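The listed protein sequences derive, respectively, from chains E and R. Per the numbering used here, the very first residue in the first sequence carries number 1; after that it's consecutive. Per the numbering used here, the very first residue in the second sequence carries number 1; after that it's consecutive.
Because the hints were derived from the structure by calculation, they are not lab data. Where hints are given, some of them may not hold.
Claimed, not checked - Pairs of lysine-lysine, DSS-like flavour, derived with a Cα cap of 25 Å: (1) 169(E) - 21(R); (2) 104(R) - 77(R); (3) 169(E) - 23(R); (4) 112(R) - 169(E); (5) 169(E) - 82(R); (6) 11(R) - 23(R); (7) 86(R) - 11(R); (8) 124(R) - 169(E); (9) 104(R) - 86(R); (10) 82(R) - 124(R); (11) 104(R) - 118(R); (12) 118(R) - 77(R); (13) 11(R) - 188(R); (14) 77(R) - 196(E); (15) 124(R) - 112(R); (16) 63(R) - 11(R); (17) 77(R) - 124(R); (18) 196(E) - 188(R); (19) 63(R) - 112(R); (20) 104(R) - 115(R); (21) 124(R) - 23(R); (22) 104(R) - 124(R); (23) 169(E) - 104(R); (24) 63(R) - 104(R).
Stated by the list, open to error - Covered by chain E, per the in silico footprint, the following chain R stretches (three or more residues, Cβ under 8 Å): (25) 92-98; (26) 224-238.
Unchecked claim - So these bits of chain R aren't anywhere near chain E, every CB distance computed over 12 Å: (27) 5; (28) 18; (29) 43; (30) 53; (31) 70; (32) 104; (33) 123; (34) 127; (35) 147; (36) 185; (37) 188; (38) 204; (39) 245.
Values in this document were obtained by computation on a predicted structure and should not be read as measured data. All C-beta atoms, glycine included, are put in the ideal place defined by N, C-alpha and C.
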Amino acid sequence: MSAVTESISIFEQWWLQIEPAVQANTLNFWQFLYKEIYLNVIKDDRWLQYLKGLGVTLEVSFYAILVGLVLGTLLAILRLPQVQNMTANGKSFLSGLGVWVVRGLSKLAGLYINIMRGTPLLLQVLIINFGIFGSISIDKVIVGVIACGLNSAAYVAEIVRGGIMSVEKGQTEAGRSLGLSGVRTMIYIILPQAAKSALPAMCNEFISLIKETSILSYIALTELTKAGDYIRSRTFSAFTPYIVSGLLYLLVVLTLTWLIGKLERRLRNSDH
Amino acid sequence: MTTDNIIISVKGLEKHFDEGKLKALRGVDADIRRGEVVVVIGPSGSGKSTFLRCLNLLETPTKGTVTVENVNITDPKVNINKHREKMGMVFQHFNLFPHMTILKNMTLAPMKLLKKSKQEAEEKAMNLLKRVGLADRANAYPSQLSGGQKQRIAIVRALCMEPQVMLFDEPTSALDPEMVGEVLDVMKQLAMEGMTMVVVTHEMGFAREVADRVIFMDEGKIVEEGTPDQIFSSPQQQRTKDFLNKVL
Numbered sequence: 001m002s003a004v005t006e007s008i009s010i011f012e013q014w015w016l017q018i019e020p021a022v023q024a025n026t027l028n029f030w031q032f033l034y035k036e037i038y039l040n041v042i043k044d045d046r047w048l049q050y051l052k053g054l055g056v057t058l059e060v061s062f063y064a065i066l067v068g069l070v071l072g073t074l075l076a077i078l079r080l081p082q083v084q085n086m087t088a089n090g091k092s093f094l095s096g097l098g099v100w101v102v103r104g105l106s107k108l109a110g111l112y113i114n115i116m117r118g119t120p121l122l123l124q125v126l127i128i129n130f131g132i133f134g135s136i137s138i139d140k141v142i143v144g145v146i147a148c149g150l151n152s153a154a155y156v157a158e159i160v161r162g163g164i165m166s167v168e169k170g171q172t173e174a175g176r177s178l179g180l181s182g183v184r185t186m187i188y189i190i191l192p193q194a195a196k197s198a199l200p201a202m203c204n205e206f207i208s209l210i211k212e213t214s215i216l217s218y219i220a221l222t223e224l225t226k227a228g229d230y231i232r233s234r235t236f237s238a239f240t241p242y243i244v245s246g247l248l249y250l251l252v253v254l255t256l257t258w259l260i261g262k263l264e265r266r267l268r269n270s271d272h
Numbered sequence: 001m002t003t004d005n006i007i008i009s010v011k012g013l014e015k016h017f018d019e020g021k022l023k024a025l026r027g028v029d030a031d032i033r034r035g036e037v038v039v040v041i042g043p044s045g046s047g048k049s050t051f052l053r054c055l056n057l058l059e060t061p062t063k064g065t066v067t068v069e070n071v072n073i074t075d076p077k078v079n080i081n082k083h084r085e086k087m088g089m090v091f092q093h094f095n096l097f098p099h100m101t102i103l104k105n106m107t108l109a110p111m112k113l114l115k116k117s118k119q120e121a122e123e124k125a126m127n128l129l130k131r132v133g134l135a136d137r138a139n140a141y142p143s144q145l146s147g148g149q150k151q152r153i154a155i156v157r158a159l160c161m162e163p164q165v166m167l168f169d170e171p172t173s174a175l176d177p178e179m180v181g182e183v184l185d186v187m188k189q190l191a192m193e194g195m196t197m198v199v200v201t202h203e204m205g206f207a208r209e210v211a212d213r214v215i216f217m218d219e220g221k222i223v224e225e226g227t228p229d230q231i232f233s234s235p236q237q238q239r240t241k242d243f244l245n246k247v248l
């Protein structure tokens, strides 16, 4: 901490040095640049606000990705041709009912995906915030996780479905011919291979989601975009706060891309 | 022979695709006896692969019954997974699981289904790998193997489940010619040990040498069946003669 306070006091001294020039409006380019950084990042510990905003963005993104992955995978399985065209196993009432329920869920899953992909995320956020949670006091982070997670699930569903369908039919046949049930074949044989082929598209989706959480500033969640916006309202710098926020988004996305790239290489190594 | 010796009994089997536009099987009756090696031959599109795939219900028959060990497996109430455990299958394109090592390929089903311990399953797998001369590849991935090696692994993977019957769907059709022999050798060895086998193949040499019975199929029906000698040396049906003239 002392290193931080020390460097801040250096920043303060630099500020005192250029303050006369600020008053006289005779700043050169470097002085101007420093003024912007000082006002928008250092003064009043504003950098802390960006970091808090970044923390909220990461928190919302992380849980929304989880919700999207779990719900999206379930939706994807419901949308598979073999589930959509499932037929009753025998003539008993129960299995008939089961098939009827599954087929109904499959139709609903299709409807859900179309609606979530066919309407703007902002609109969904507003409906969830003001419509569904309008009369309840609830943490905006939770609203954000629900809204972004439900939206992402629709895209994840299509990515996972594509991944599953890219696995050769022979893999299912080999699993089933050994006596593995449909569910076990899916879990041990199909999904691991589907995950691998879906990874690049999934990486895209995660990146989109992280950036789209910026829409949550619309419902006054102080995430990274809102943090920058708030600082702009105090300093009246039109560029710098947004650029600082933007650089932080970029940092997160590049880190994620690097991590997923590493994972992809490792998966490739495991089966040459 | 008594009916006790019949392990698979097929009656009036029909399979239609595309809502009846394509009739792959048009009424097939056949019995497979314990310890018997039955080779099914016939031109492409004759329905021989569909016939084989109906035996473990990878294809659901449109009509007719398949009875395995006196249980009609086409009855929807039957737990087909239990029956498939006892019927190993080898495919034209091997269908090894590419994300698992050879050993994992072989131990997955025994551990999940026969509740074998990891050690037990691996021991059995290693013994089988030794028999086909691939023990040193236990920790390799399928993509590191040649086609012939893959198919030998596919055979022993099925054997890990200790099946009563082995079904082979054109096991050498996707192999380079120089690798056909090593796979056929494993199959011959298996036949000599008394395994019940149903083999769909174009390898007439194998049929002649190993089969107890040869079935010739065309246009979704069994045209003629008999010992290899009867079929290859004195076929009765004109269509059998025409086919054999082309392939021999």
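Are the Cα atoms of residue 104(R) and residue 124(R) separated by 25 Å or less?
This hinted pair holds, its Cα atoms lying about 12 Å apart.
Per the stated criterion, does the least C-beta distance between residue 70(R) and chain E lie above 12 Å, as a non-interface residue requires?
19 Å, holds
Confirm or reject the statement that residue 127(R) sits farther than 12 Å, beta carbon to beta carbon, from all of chain E.
The assertion about residue 127(R) holds, with a minimum of 18 Å to chain E.
Is it true that the CA of residue 104(R) sits at most 25 Å from the CA of residue 115(R)?
Given that 25 Å is the threshold and the Cα spacing comes to 15 Å, the pair holds.
Residue 124(R) and residue 112(R): Cα distance at most 25 Å?
Since the Cα atoms of residue 124(R) and residue 112(R) sit roughly 15 Å apart, the hinted pair holds (cutoff 25 Å).
When you check the alpha-carbon spacing of residue 63(R) and residue 112(R), does it fall within 25 Å?
Given pair residue 63(R), residue 112(R) is violated - Cα atoms ~33 Å apart, limit 25 Å.
Minimum Cβ distance from residue 204(R) to chain E greater than 12 Å, as the annotation requires:
Holds, since 26 Å exceeds 12 Å.
Residue 196(E) and residue 188(R) were given as a pair; does the straight-line alpha-carbon distance stay at or below 25 Å?
Between residue 196(E) and residue 188(R) the Cα gap is close to 38 Å, so the pair fails against 25 Å, i.e. violated.
Tell me if the straight-line CA distance from residue 104(R) to residue 86(R) falls inside 25 Å.
With a Cα-Cα distance of about 20 Å, the restraint between residue 104(R) and residue 86(R) holds, given a limit of 25 Å.
CA of residue 112(R) to CA of residue 169(E), is that 25 Å or under?
21 Å, holds
Residue 123(R) and chain E, when compared Cβ to Cβ, separated by more than 12 Å:
About 19 Å separates residue 123(R) from the closest Cβ of chain E, which puts it past 12 Å; holds.
Holds or violated: residue 11(R) with residue 188(R), Cα cutoff 25 Å?
With Cα atoms ~29 Å apart, residue 11(R) and residue 188(R) exceed 25 Å; violated.
Violation of the numbered hints given earlier is confined to hints 2, 8, 12, 13, 14, 17, 18, 19, 21, 24, 26, 30, 32; the remaining hints are satisfied by the structure.
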